[in-house]
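Visitor: Sequence:
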Amino acid sequence: MQLSSINITAYQKTELMSEQIKHQTQAGKAYTSKRNDSSCATKDNKICILAFDLQQCLLTPNLGSSVVFYKRQLWTYNPTVHNIISSTASLLKVKLDGLMMLALI
Numbered sequence: 001m002q003l004s005s006i007n008i009t010a011y012q013k014t015e016l017m018s019e020q021i022k023h024q025t026q027a028g029k030a031y032t033s034k035r036n037d038s039s040c041a042t043k044d045n046k047i048c049i050l051a052f053d054l055q056q057c058l059l060t061p062n063l064g065s066s067v068v069f070y071k072r073q074l075w076t077y078n079p080t081v082h083n084i085i086s087s088t089a090s091l092l093k094v095k096l097d098g099l100m101m102l103a104l105i
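The working numbering puts the last residue of the sequence shown at 105; the count rises by one with no breaks.
Bear in mind the hints are in silico, worked out from the structure with no lab data behind them.
Given the structure is predicted, the values throughout are model-derived calculations rather than measurements.
Among the hints, a few may not be true.
What the hints assert, rightly or not - The calculated lysine-lysine pairs, modelled on DSSO-like cross-linking and capped at a C-alpha distance of 30 Å, are: (1) K34 x K22; (2) K29 x K43; (3) K13 x K29.
Turn these sequences into a full structure, and let the hints guide you.
Guide: Given below as structure tokens:
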């Protein structure tokens with residue numbers, strides 16, 4: 001449901017606005033924490049700040065059926081690690097040899 005939807009009640013709009021404010025507050029706290037951690041890491045080279053992310057979703061195997069889109073077990077996630085201080089990123093190599101294994105490239 002979106003705030004711009006015409007068919008929502010005043011109560012629903014209030015709830016959505018409350019959720020949005022809560023989300024923005026949490027995001028602000030996260031950014032402040034990241035900024036503080038980065039500041040500490042630039043002062044002390046013993047501290048390393050890493051961020052983890054999923055770069056992209058890839059279909060495995062590459063099938064054209066729209067049904068496959070909804071079957072999450074057929075998706076391969078491309079995990080990445082980003083060093084905040086040096087601004088370098090590394091991909092985690094995913095090998096599908098029966099078991100999924102991760103190795104830093």
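Visitor: Compare the structure with each hint and give your call.
Guide: So, going through the hints one by one against the coordinates:
{"no.": "1", "hint": "K34 x K22", "verdict": "holds (18 Å)"}
{"no.": "2", "hint": "K29 x K43", "verdict": "holds (21 Å)"}
{"no.": "3", "hint": "K13 x K29", "verdict": "holds (24 Å)"}
Of the numbered hints stated above, none is contradicted by the structure.
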